[in-house]
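Residue numbers (this note's numbering), protein chains in the order written: chain A, 1 to 89; chain B, 90 to 338.
Read the hints as simulated data drawn from the structure, not as lab findings.
Misleading hints may appear alongside valid ones.
Just the calculated beta-carbon pair ranges, DEER-fashion [as the list claims (entries may be wrong)]:
| # | chain 1 | residue 1 | chain 2 | residue 2 | range |
| --- | --- | --- | --- | --- | --- |
| 1 | B | GLU249 | A | ARG23 | 34 to 42 Å |
| 2 | A | GLY18 | B | LEU107 | 14 to 22 Å |
| 3 | B | LEU107 | A | ILE71 | 33 to 41 Å |
Partial pick of chain A residues on the chain B-facing surface, computed with a CB cut under 7 Å [claimed, not checked]:
| # | residue |
| --- | --- |
| 4 | PRO49 |
| 5 | ASP50 |
| 6 | LEU53 |
| 7 | SER54 |
| 8 | THR57 |
| 9 | LEU61 |
| 10 | ALA62 |
| 11 | LEU69 |
| 12 | ARG73 |
All of these numbers come straight from a predicted model, not from anything done at the bench.
Beta carbons: idealized from backbone N, C-alpha and C, even for Gly.
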Amino acid sequence: MMWVGAGLLLLVAVTGFGVVRTRDVTSQVVALGFYGVLMALVFFFFQAPDVALSQITVGALALPLMVMLAISRMKYRAHNQKAKGQRDA
Amino acid sequence: MRESLRIRLFLIFGGIFLLLYCYAAVDLPPWGSYRGPYGDVISRVAVYERHATDAVNAINYDYRAFDTLGEEFILFTAVLGVMMLLRREEGASTQDADKVSDDYRLSDTVRATAMPAIVATVVFGFYIGLHGQLTPGGGFQAGVVLASVPLLLYVCENTESFRRITSHTAVEILEAMGAASYALIGLAPLLFGLPLLTNFLPLGQTGDVFSSGTIALISACVGVEVTAAFLLVAYTYLEEIITGHIPEE
Numbered sequence: 001m002m003w004v005g006a007g008l009l010l011l012v013a014v015t016g017f018g019v020v021r022t023r024d025v026t027s028q029v030v031a032l033g034f035y036g037v038l039m040a041l042v043f044f045f046f047q048a049p050d051v052a053l054s055q056i057t058v059g060a061l062a063l064p065l066m067v068m069l070a071i072s073r074m075k076y077r078a079h080n081q082k083a084k085g086q087r088d089a
Numbered sequence: 090m091r092e093s094l095r096i097r098l099f100l101i102f103g104g105i106f107l108l109l110y111c112y113a114a115v116d117l118p119p120w121g122s123y124r125g126p127y128g129d130v131i132s133r134v135a136v137y138e139r140h141a142t143d144a145v146n147a148i149n150y151d152y153r154a155f156d157t158l159g160e161e162f163i164l165f166t167a168v169l170g171v172m173m174l175l176r177r178e179e180g181a182s183t184q185d186a187d188k189v190s191d192d193y194r195l196s197d198t199v200r201a202t203a204m205p206a207i208v209a210t211v212v213f214g215f216y217i218g219l220h221g222q223l224t225p226g227g228g229f230q231a232g233v234v235l236a237s238v239p240l241l242l243y244v245c246e247n248t249e250s251f252r253r254i255t256s257h258t259a260v261e262i263l264e265a266m267g268a269a270s271y272a273l274i275g276l277a278p279l280l281f282g283l284p285l286l287t288n289f290l291p292l293g294q295t296g297d298v299f300s301s302g303t304i305a306l307i308s309a310c311v312g313v314e315v316t317a318a319f320l321l322v323a324y325t326y327l328e329e330i331i332t333g334h335i336p337e338e
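Given the sequences, and given the hints that come with them, work out the whole structure.
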């Protein structure tokens, strides 16, 4: 049983490294979501189902969604400003 | 040159961190051991005192309900801040929301899969929220789950469907009501001369959906507040995309 926990923690470490090393922002968000699911598994394994549920909803659902929305909004804004600049010129 | 300096600095400080980490990890208590007295006390008395089988929510919404009230208003203020910062700019190229039309509909397969998922999510959200005092879960988790339903609809349908089921004004009012009713439930015991946030309602049968007095009630209020809060943030982010239009190039 201890080995399952150790394996999960190792997976979290590897995934965390993967999130940091991913350069493309959109793929990074997906990696972040996967990391959130893994963290939820860890919490569940260490007998904290309440925290695991919060982690699933926030870490694997809300956080990637917010980041995704923020990115799309920034892209939209940049697109709009570029178009406006072209019109002025 | 600078690259090699950076790597050398990283190796030095990484080594120091590794040493400290190993030093800290050596004396960790074994898996599953618990040293503090409060956890054992609470898990022994929570069911007897509060008729709530989920001790975590008995703590969150009763024993330390005052802290949770503070956290609730942290979320409230954070959402308010996001809405202030991302409010629509003057002169941004937008058009009236009801004139926006986008027909980027996804394939029938995605939509046919998403519709049952939406139903399941609604049921799951209400289950989690109403059984907070019995099983792991509670208002906060239920709120996030329920708030994801309109977003799921947005992802698999279009902005029109998202707008149709989320009225901005209604969501704003719901959020304020959720936050206020928690505070009012907390203030109500003062009328009977009891301390703030006392569990003054009848506790009911242990294991029943309508049990544990104010715990279930506060959990439901938090659920409403969190649902509305997450919807408002999502709506604020999406607003420009929904109401604006990309100029023709």
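Hint check:
| no. | hint | verdict |
| --- | --- | --- |
| 1 | B:GLU249 - A:ARG23: 34 to 42 Å | 36 Å, holds |
| 2 | A:GLY18 - B:LEU107: 14 to 22 Å | 20 Å, holds |
| 3 | B:LEU107 - A:ILE71: 33 to 41 Å | 34 Å, holds |
| 4 | PRO49 | 4 Å, holds |
| 5 | ASP50 | 4 Å, holds |
| 6 | LEU53 | 5 Å, holds |
| 7 | SER54 | 6 Å, holds |
| 8 | THR57 | 4 Å, holds |
| 9 | LEU61 | 6 Å, holds |
| 10 | ALA62 | 6 Å, holds |
| 11 | LEU69 | 4 Å, holds |
| 12 | ARG73 | 6 Å, holds |
The structure is consistent with each of the numbered hints, conforming to all of them.
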